[in-house]
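With the sequence shown counted from 1, adding 21 to any position gets you our numbering.
These aren't lab readings, by the way, just hints derived from the structure by calculation.
Computed from a predicted structure; not experimentally measured.
Just so you know, even glycine gets a beta-carbon here, dropped at the ideal spot from N, CA and C.
Each hint should be verified, as a subset may be incorrect.
What the hints assert, rightly or not - Derived BS3-like pairs: lysine-lysine, alpha-carbon spacing no greater than 25 angstroms straight-line:
no. : residue 1 : residue 2
1   : 357       : 68
2   : 283       : 271
3   : 134       : 98
4   : 494       : 478
5   : 363       : 24
6   : 430       : 317
7   : 363       : 43
8   : 271       : 98
9   : 455       : 478
10  : 154       : 283
11  : 369       : 330
12  : 430       : 455
13  : 24        : 365
What the hints assert, rightly or not - Pair ranges (Cβ atoms, derived):
no. : residue 1 : residue 2 : range
14  : 414       : 451       : 45 to 55 angstroms
15  : 512       : 471       : 18 to 28 angstroms
16  : 137       : 368       : 55 to 65 angstroms
17  : 333       : 370       : 22 to 32 angstroms
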Amino acid sequence: MAKELTSRAESYAQWYNDLVLKADLAENSAVRGCMVIKPYGYAIWEKMQRVLDDMFKATGHVNAYFPLFIPKSFFSKEAAHVEGFAKECAVVTHYRLKNSPDGKGVIVDPDAKLEEEYIVRPTSETIIWNTYKNWIQSYRDLPILVNQWANVVRWEMRTRLFLRTAEFLWQEGHTAHATSEEAIKETETMLGVYAEFAEKYMAMPVVQGYKTANERFAGALETMTIEALMQDGKALQSGTSHFLGQNFAKAFDVTFTNQEGKIEYVWATSWGVSTRLMGALIMSHSDDNGLVLPPKLAPIQVVIVPIYKKMEELAQISEVVKGVSDKLKALGISVKFDDDDKRKPGWKFAEYELKGVPVRLAMGPRDLQNGTVEVARRDTLEKSVLPFDGIEQAIVQLLDDIQQNIFNKAFKYREENTTIVDNYDEFKRLLDEKGGFFLCHWDGSSETEALIKDETKATIRCIPLDAPEENGKCMVTGKPSSRRVLFARAY
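Please build the complete structure, drawing on both the sequences and the hints.
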């Protein structure tokens, strides 16, 4: 039986949940607020991870690993940082269990209380900058360009698979520099890496920009972001890069001797993306039939389904297909030949469509006689019959075409759903009727920003890097504004 999905038109939220579960990406766990990432979902995350890791290393970064537990006192050293995360922290208070006196299970041993509580890592700035104090003495020790692949915990009770869970996977870069200029350049460079990954690999167009003071990362002087538009007209923050100034260096007394022999505080950045990108990938491209995966991130790029009644027909098809499969694999294309005789071809077609496999080939006895193969592409659901001889080159081109088509479709959707608005009443009306991105003038005040958020649930997603200077008036207060900012309701 086909695994039917709720349609996006009926309920976008239910469609998303159905798809995550029925495509075997993830499921809720026995731990409230946490998820189990299933093998197929983790295979997609692994491809993301592999590409990003290569991109980080190409820009001079190296991987390291830091403790999961952070002494509570570390969070007291940077006031803005602790205020930003205090309500989300999981705290370890004891280090031992013992059998319950009534013989019913185990209890926390009251004699095993920690002298100082540990915080389960919500982010690693504090533990890393305490470590960097031992690594940095001179300008010769700089820059430090370190990335960590890890899990973090931010205590969430209202969760959605991939988009918001109490524990999630991510990478966090933490770099140390001799000058503010070098640190700012690093912040911008890594935002560019994220934008390139989103557009080139995820086929997801993004807007790059600065967060407002209200929306910055706790403890940052500047936060840069990439913002993507999902198919329901809501924005999704898909990656951030932070210029931390000298805040953490001062908090942990990390200094260095510069080339003139003077003692200075180190300049810092941090940047990260998480398994939230899985949610972005799903919601950017998928349809009512299931996942639509860009070929560059699909665990299986080509699936071959034999159609046969007799085992000798399967043997003949298998022999012919093996040569093409080997050629595709030699070209770096992941191929699956599904000769499982417990499932019929129709079931397989529906399953691979649900799982977003970009290209499906089907071959039966008649195809063998005619030297042809049926080719189906997932993005458009179009089918064609092509000569089997030389099919591998056609598939290479087809995968490129699918990757580009998926991006073009998402880009067109964003363009059609980005609206320039000057009137606050019109803004509120269109926000409810249409959704999407809105480019509006804003007077730059936190008070106006908070009022808009309170009245509409829309936030300033970013001040776009490419926003041209333009004399205008704030849509709420009428005060002068020099450029438009990007508003949207968001996940």
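The hints, checked one at a time:
| no. | hint | verdict |
| --- | --- | --- |
| 1 | 357 / 68 | holds, 17 angstroms |
| 2 | 283 / 271 | holds, 16 angstroms |
| 3 | 134 / 98 | holds, 23 angstroms |
| 4 | 494 / 478 | holds, 21 angstroms |
| 5 | 363 / 24 | holds, 17 angstroms |
| 6 | 430 / 317 | holds, 16 angstroms |
| 7 | 363 / 43 | holds, 19 angstroms |
| 8 | 271 / 98 | holds, 9 angstroms |
| 9 | 455 / 478 | holds, 14 angstroms |
| 10 | 154 / 283 | holds, 17 angstroms |
| 11 | 369 / 330 | holds, 15 angstroms |
| 12 | 430 / 455 | holds, 18 angstroms |
| 13 | 24 / 365 | holds, 15 angstroms |
| 14 | 414 / 451: 45 to 55 angstroms | holds, 47 angstroms |
| 15 | 512 / 471: 18 to 28 angstroms | holds, 20 angstroms |
| 16 | 137 / 368: 55 to 65 angstroms | holds, 57 angstroms |
| 17 | 333 / 370: 22 to 32 angstroms | holds, 23 angstroms |
Of the numbered hints stated above, none is contradicted by the structure.
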